[in-house]
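Protein chains in written order, with my numbering: chain W, 68 to 224; chain C, 68 to 224; chain R, 68 to 224.
It is possible that part of the hints are untrue.
The list makes no distinction among identical chains, and a pair is therefore deemed to hold if it is satisfied within one copy or across any two copies.
[To be verified] Taking lysine to aspartate or glutamate and the DMTMM-like style, the derived pairs with C-alpha atoms no more than 25 Å apart in a straight line are: (1) K159 - D69; (2) K140 - E90; (3) K140 - D180; (4) K159 - D91; (5) K159 - E90; (6) K215 - D79; (7) K159 - E145; (8) K140 - D86; (9) K140 - D98; (10) K140 - E94; (11) K140 - D196; (12) K140 - D91; (13) K215 - D69; (14) K140 - D79; (15) K215 - D180; (16) K159 - D86.
None of these hints come from the bench; they were simulated from the model.
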Amino acid sequence: MDDLAIRLGVHDLIGAYVDCIDEDRLESWPDMFVEPCRYLVISRANHAAGLRQGVMYAASRGMLLDRVFSIRKANLFEPHRYRHVIGPIRVKSVADNVAVVHSHFIVARIMQDGATSLFATGRYLDRIDLSGPTYRFLERIVVLDSDKIDTLLAIPL
Amino acid sequence: MDDLAIRLGVHDLIGAYVDCIDEDRLESWPDMFVEPCRYLVISRANHAAGLRQGVMYAASRGMLLDRVFSIRKANLFEPHRYRHVIGPIRVKSVADNVAVVHSHFIVARIMQDGATSLFATGRYLDRIDLSGPTYRFLERIVVLDSDKIDTLLAIPL
Amino acid sequence: MDDLAIRLGVHDLIGAYVDCIDEDRLESWPDMFVEPCRYLVISRANHAAGLRQGVMYAASRGMLLDRVFSIRKANLFEPHRYRHVIGPIRVKSVADNVAVVHSHFIVARIMQDGATSLFATGRYLDRIDLSGPTYRFLERIVVLDSDKIDTLLAIPL
Chain W
68 MDDLAIRLGV HDLIGAYVDC IDEDRLESWP DMFVEPCRYL VISRANHAAG
118 LRQGVMYAAS RGMLLDRVFS IRKANLFEPH RYRHVIGPIR VKSVADNVAV
168 VHSHFIVARI MQDGATSLFA TGRYLDRIDL SGPTYRFLER IVVLDSDKID
218 TLLAIPL
Chain C
68 MDDLAIRLGV HDLIGAYVDC IDEDRLESWP DMFVEPCRYL VISRANHAAG
118 LRQGVMYAAS RGMLLDRVFS IRKANLFEPH RYRHVIGPIR VKSVADNVAV
168 VHSHFIVARI MQDGATSLFA TGRYLDRIDL SGPTYRFLER IVVLDSDKID
218 TLLAIPL
Chain R
68 MDDLAIRLGV HDLIGAYVDC IDEDRLESWP DMFVEPCRYL VISRANHAAG
118 LRQGVMYAAS RGMLLDRVFS IRKANLFEPH RYRHVIGPIR VKSVADNVAV
168 VHSHFIVARI MQDGATSLFA TGRYLDRIDL SGPTYRFLER IVVLDSDKID
218 TLLAIPL
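So here's chain W without its partners, still in its complex pose:
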């Protein structure tokens, strides 16, 4: 498994992840994680302080799926979509079939009436399992640049 193949596979995983969220195929989202896993959305300040709980958290595919069900059923929020763009993807290290990968994002939010706004910016800090035919996330920590976002966050980032 050479460096280039890992880069391409990581790029594909991150592209598929973004597409899954932005195209509202949320039921497929948990399949991109291994079992158990760690998914955490946290503000920069709390992440820098070493806190391990954030505004969204899951430790298994079941917990990820619970999040999807609550979005589908509860309808507590005005319908909207995201559109992600991703900054340069950087493979920081590879060892024992695990890649540490950093990237960053800007996400626009599109409301049902078409109103579009800059919604969130931040970093993805990933640990990715390279052992299977398809790469999956062991851990995806979403570090938000802003602290202001919490109450608006329903769909995963």
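With the hints as your guide, set chains C and R onto chain W.
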């Protein structure tokens, strides 16, 4: 023609396309399509409903060039520019010298007085001809996330 | 040194540059340039007019470091961060261990209170030195799409 060469060529075509639009070299824009071609800008809702006509449409290089001439001559709108950023580019399939490629975009609009705003977000659904020395679009469908955009759209996306 | 290796190295340099700025490790920013170098932030209109001085300028690592010191010490502005996303990176030519590379960017600005806005868009016009173990910038010209930005610009782009 291997997988990597196709990825790099597709990346170059999409990069050149964006540069052509954003740097206002619109006269070169039709050269990025084969003859005949299909270029369509359509809202997500209309695309999902299977409609084949959108807010901008062309079936040949001549029609693309007409669009450029009308922008240059009519001056019906306040001068502005775009700046695109592209999300992960995904080659979905390759067969018979045609690649199906999906990507997505966020576009900022810069008015002549410098005012900058988030203008459009959406997806590119491309069929790309790989048979020539330079890749070209057989089809580029621009699916807009928002329905609100129509009357503001003059320059192609 | 083949085409692919250059593409990957250029991608890594641009990714590291963005990460250095956005994660506020500005003291490492000058190390990404050779000595002497040229760093220039200029508006599109002034760049098109052939002007060689812009809203930010440096001709050596020492001048880049002076910029960092003034940010650290003067505190003349309300604390904020950037978040960059980069459009397709295009290697335009390679000769004599120098690559000419164009890319473009959208930058969001995040204020200390969390308020996030679209801050700047434009192009990077780079000349990159490929001769060392790590690629470095011989020249990075940042061409801003808007003329409105000057007084707000403190952190390098």
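Quick rundown of the hints versus the structure:
Both within a single protomer and between protomers do K159 and D69 lie at most 25 Å apart by alpha-carbon distance, with minima of 15 Å and 22 Å respectively. Taking identical chains as interchangeable, the C-alpha atoms of K140 and E90 lie at most 25 Å apart only when both belong to the same chain, with a minimum of 18 Å there against 38 Å between chains. With identical chains, the CA atoms of K140 and D180 are at most 25 Å apart within one copy only, with a shortest distance of 21 Å there and 33 Å across copies. Taking identical chains as interchangeable, the C-alpha atoms of K159 and D91 lie at most 25 Å apart only when they sit on different chains, with a minimum of 18 Å there against 30 Å within one chain.
For a Cα distance limit of 25 Å, the shortest separation of K159 from E90 across copies, 15 Å, qualifies, whereas the shortest one inside one copy, 29 Å, does not. In this assembly of identical chains, K215 and D79 lie within 25 Å of each other by CA distance neither inside one copy nor across copies; the values are 31 Å within and 31 Å between. Within a single copy, K159 and E145 get their C-alpha atoms no closer than 38 Å, and across copies no closer than 32 Å, so neither meets the 25 Å cut-off. In this assembly of identical chains, K140 and D86 lie within 25 Å of each other by CA distance solely inside one copy; the values are 22 Å within and 39 Å between copies.
Proximity of K140 and D98 under a CA criterion of 25 Å is satisfied intra-copy only: 20 Å inside one chain copy versus 48 Å between copies. When the C-alpha separation of K140 and E94 is checked against a cutoff of 25 Å, the pair qualifies only within one copy, where the shortest distance is 13 Å, while the shortest distance between copies is 49 Å. When the C-alpha separation of K140 and D196 is checked against a cutoff of 25 Å, the pair qualifies neither within a copy, at 31 Å, nor between copies, at 43 Å. Proximity of K140 and D91 under a CA criterion of 25 Å is satisfied intra-copy only: 14 Å inside one chain copy versus 41 Å between copies.
For the homomeric pair K215 and D69, neither the shortest alpha-carbon distance inside one copy (41 Å) nor that between copies (46 Å) is at most 25 Å. Taking CA atoms no more than 25 Å apart as the test, K140 paired with D79 passes in neither setting, with 30 Å inside one copy and 43 Å between copies. For the identical chains of this complex, K215 and D180 are neighbours both inside a copy (23 Å) and across copies (8 Å), given an alpha-carbon limit of 25 Å. Both within a single protomer and between protomers do K159 and D86 lie at most 25 Å apart by alpha-carbon distance, with minima of 23 Å and 12 Å respectively.
In summary, the structure is inconsistent with hints 6, 7, 11, 13, 14 from the numbered list given earlier, while agreeing with the others.
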